[in-house]
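There are 2 protein chains.
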Amino acid sequence: MPQLRKNPVTREWVIVATERSRRPTDFKPGEDLAHRPAFSPNCPFCPGNELMTPGEIESYRAGSTRPNDPGWSVRVVPNKFPALMVEGDLDRAGEGMYDVMNGVGAHEVIIECPEHDLSPATMSPRQVEEMLASYRARCVDLTQDRRFKYINIFRNHGRVAGASLEHPHSQLIALPMVPQNVLLEVEGCARYYEFHERCVYCDMVRQEIGQGDRVVSLNDDFVAFCPFAAKYPFEVWILPRTHVRSFADETESRLRAFGAILQEALVRIDYCLNFPAYNYTVVTAPINQERERDFHWHLAIMPRLTVSAGFEMGSGVHINVTAPEDAARHLRNTTAPAMAAVESNGQTSSMP
Amino acid sequence: MPQLRKNPVTREWVIVATERSRRPTDFKPGEDLAHRPAFSPNCPFCPGNELMTPGEIESYRAGSTRPNDPGWSVRVVPNKFPALMVEGDLDRAGEGMYDVMNGVGAHEVIIECPEHDLSPATMSPRQVEEMLASYRARCVDLTQDRRFKYINIFRNHGRVAGASLEHPHSQLIALPMVPQNVLLEVEGCARYYEFHERCVYCDMVRQEIGQGDRVVSLNDDFVAFCPFAAKYPFEVWILPRTHVRSFADETESRLRAFGAILQEALVRIDYCLNFPAYNYTVVTAPINQERERDFHWHLAIMPRLTVSAGFEMGSGVHINVTAPEDAARHLRNTTAPAMAAVESNGQTSSMP
Numbered sequence: 280m281p282q283l284r285k286n287p288v289t290r291e292w293v294i295v296a297t298e299r300s301r302r303p304t305d306f307k308p309g310e311d312l313a314h315r316p317a318f319s320p321n322c323p324f325c326p327g328n329e330l331m332t333p334g335e336i337e338s339y340r341a342g343s344t345r346p347n348d349p350g351w352s353v354r355v356v357p358n359k360f361p362a363l364m365v366e367g368d369l370d371r372a373g374e375g376m377y378d379v380m381n382g383v384g385a386h387e388v389i390i391e392c393p394e395h396d397l398s399p400a401t402m403s404p405r406q407v408e409e410m411l412a413s414y415r416a417r418c419v420d421l422t423q424d425r426r427f428k429y430i431n432i433f434r435n436h437g438r439v440a441g442a443s444l445e446h447p448h449s450q451l452i453a454l455p456m457v458p459q460n461v462l463l464e465v466e467g468c469a470r471y472y473e474f475h476e477r478c479v480y481c482d483m484v485r486q487e488i489g490q491g492d493r494v495v496s497l498n499d500d501f502v503a504f505c506p507f508a509a510k511y512p513f514e515v516w517i518l519p520r521t522h523v524r525s526f527a528d529e530t531e532s533r534l535r536a537f538g539a540i541l542q543e544a545l546v547r548i549d550y551c552l553n554f555p556a557y558n559y560t561v562v563t564a565p566i567n568q569e570r571e572r573d574f575h576w577h578l579a580i581m582p583r584l585t586v587s588a589g590f591e592m593g594s595g596v597h598i599n600v601t602a603p604e605d606a607a608r609h610l611r612n613t614t615a616p617a618m619a620a621v622e623s624n625g626q627t628s629s630m631p
Numbered sequence: 280m281p282q283l284r285k286n287p288v289t290r291e292w293v294i295v296a297t298e299r300s301r302r303p304t305d306f307k308p309g310e311d312l313a314h315r316p317a318f319s320p321n322c323p324f325c326p327g328n329e330l331m332t333p334g335e336i337e338s339y340r341a342g343s344t345r346p347n348d349p350g351w352s353v354r355v356v357p358n359k360f361p362a363l364m365v366e367g368d369l370d371r372a373g374e375g376m377y378d379v380m381n382g383v384g385a386h387e388v389i390i391e392c393p394e395h396d397l398s399p400a401t402m403s404p405r406q407v408e409e410m411l412a413s414y415r416a417r418c419v420d421l422t423q424d425r426r427f428k429y430i431n432i433f434r435n436h437g438r439v440a441g442a443s444l445e446h447p448h449s450q451l452i453a454l455p456m457v458p459q460n461v462l463l464e465v466e467g468c469a470r471y472y473e474f475h476e477r478c479v480y481c482d483m484v485r486q487e488i489g490q491g492d493r494v495v496s497l498n499d500d501f502v503a504f505c506p507f508a509a510k511y512p513f514e515v516w517i518l519p520r521t522h523v524r525s526f527a528d529e530t531e532s533r534l535r536a537f538g539a540i541l542q543e544a545l546v547r548i549d550y551c552l553n554f555p556a557y558n559y560t561v562v563t564a565p566i567n568q569e570r571e572r573d574f575h576w577h578l579a580i581m582p583r584l585t586v587s588a589g590f591e592m593g594s595g596v597h598i599n600v601t602a603p604e605d606a607a608r609h610l611r612n613t614t615a616p617a618m619a620a621v622e623s624n625g626q627t628s629s630m631p
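Read top to bottom, the protein sequences are chains A and B.
Numbers in this note's numbering are just positions in the first sequence, counted from 1, shifted up by 279.
Numbers in this note's numbering are just positions in the second sequence, counted from 1, shifted up by 279.
To be clear, the hints were calculated from the coordinates, so they are not data collected in a lab.
Any given hint could be a false lead.
A pair counts as met if it fits within one copy or between any two copies, since identical chains are not told apart.
[What the hints assert, rightly or not] Simulated crosslink set (DSS-like; lysine-lysine; CA at most 25 angstroms straight-line):
no. : residue 1 : residue 2
1   : LYS428    : LYS285
2   : LYS510    : LYS307
3   : LYS428    : LYS359
4   : LYS359    : LYS510
Isolated chain A, as found in the complex:
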């Protein structure tokens, strides 16, 4: 019998169609994401091609090298085709019954490493840390701009996940409003807090760790699990185990622990599902306003194994063909060449 499961924060229902249940090997990746060249001469993000991008906003680089020259390890540049423009005041206007704002915002690209063929699953732990540190530095900097109400960090991996360039990169969009999905979460957190006087995500972390069947891995500071009302097969969330409102509030040592569990989750997804396309996104507290108090930031990894169709687009209800408990079990049981190294590192351990 299929099940309907409700997201306790957003109140969205998901159909877990167990009759259609699929094993990891039933999903066939449409593109080869495991084999790419280490350097691609025409790639605007490869070293030596720095002038093919707009001038860099920030970079981690060897002390003696200059901005927009090679020698960087992480490089942040404006998106060449931005969805929003950073210059200008925030004009609001009506157009009859409609509301419109001019498209003020920031759209930046975080080039994660010089190597064309890596990803956060295969980068060194140090590279992952620098990538995360640059996420945070950009959040802190952009929060100064009072026009912005939300900063969305996301990563598109593979063409079917919307990546138009192969070279490993994340993106950041700063928005002049709080987007609908985040508002739903903010309202859900507040509603739960009002009723229970506890954070909904803190409760979720406790229940998931206690129950264990949806946990993929955990370390002292973070837990990775397949959410109860997962919209997508093999969706994985990573949450701070204690209440941390915003990604920008994380410390350097906690980001190291976060990098370790993120990398482990991505390695498990790669080897369990044969290097699928995926998206991940940081869901964090809104900025420059009051609506942030009860938030508990998290990261959602969404492998692109199935196609959303008219039902999902019309109703907002997703049909998930793999029960999250099954997905977590498969991910826990995955062994990968890189796994041994991560585990001997002592930073993360899977649940029984």
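Based on the hints, put chain B in the right spot on chain A.
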């Protein structure tokens, strides 16, 4: 400068990124949806293969033919791999902090015509009417079942739109709850009504017809336009010009007018965009409860020209690379072989 536009019903913001604006020819279809065989021997929906589907629920057929034999023009069957099961009581339970319901519902397939190679753009007007009449008959029938709170009718056209079978078909899912997206619309309609004492969609129809620049076509009973805050390039909505709460409330003669404008919109999309994949979905009032009063049903056609990525999935904010005004102008200016026939019919006419 990009624009942020707000859906006046759901309050969702959309980014219209005019700097990235794309013309119809910039979108390249990934599959050939214009050329299919008229009959496909292994297709479970082709005539003669009726026993490859579960037994039919309803059909339009020649008087002398029997159920599950050839001779039908429209055929409704249960989905062989249903997302929800029609048998059983609606059990609700808690699982710690989570809510769960068993997956009671109906999942039906409307096989739109015997011909494997047609679509609602190329079927005869009579076939489109029968397809719509069967949509309505199934809605009326399933509304009798008090377990159901919403009936979602949708069509997936092409593989990238989620269609797993080529043969022209629509689907229907009856749900034991009102899905999130419909709730947002119900609440938005009620909020607007409370403030203005007018229906938001009635106002929208008036403004769109008065302004004209987003209108694709209109007839006496319906209007087709590209919505102000369209999430997708070349998204088209069709609305009743007068206040009609539910799709099931439509009369036979009005469904004829709806069929004509739907067919015209799909023909324009086919010829303007070189036969793209698309989804359409009927958005209508919930059933078996009070939450239906202020609703105004409509149909949304969403061509699948771009890929949703991490930003859209995380924030719920869509980036639309074609301004709805441009999309409507391109659709209005499209000429197609079938167009002359539709127009000489006198049922629809495009705006200047």
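> Between LYS428 and LYS285, at a C-alpha cutoff of 25 angstroms, which is it: within one copy, between copies, both, or neither?
Replying inline: Classified as between: cross-chain Cα gap 16 angstroms, same-chain 28 angstroms, threshold 25 angstroms.
> How would you label the pair LYS359, LYS510 (within, between, both, or neither) given a Cα cut-off of 25 angstroms?
Replying inline: Only across copies: LYS359 and LYS510 sit 22 angstroms apart there, 32 angstroms inside one copy, limit 25 angstroms.
> Using 25 angstroms as the alpha-carbon threshold, which applies to LYS428 and LYS359: within, between, both, or neither?
Replying inline: within (23 angstroms within a copy, 47 angstroms between copies)
>> Regarding LYS510 and LYS307, is the shortest C-alpha distance of 25 angstroms or less found within a copy, between copies, in both, or in neither?
In response: within (19 angstroms within a copy, 29 angstroms between copies)
No hint from the list above goes unmet by this structure.
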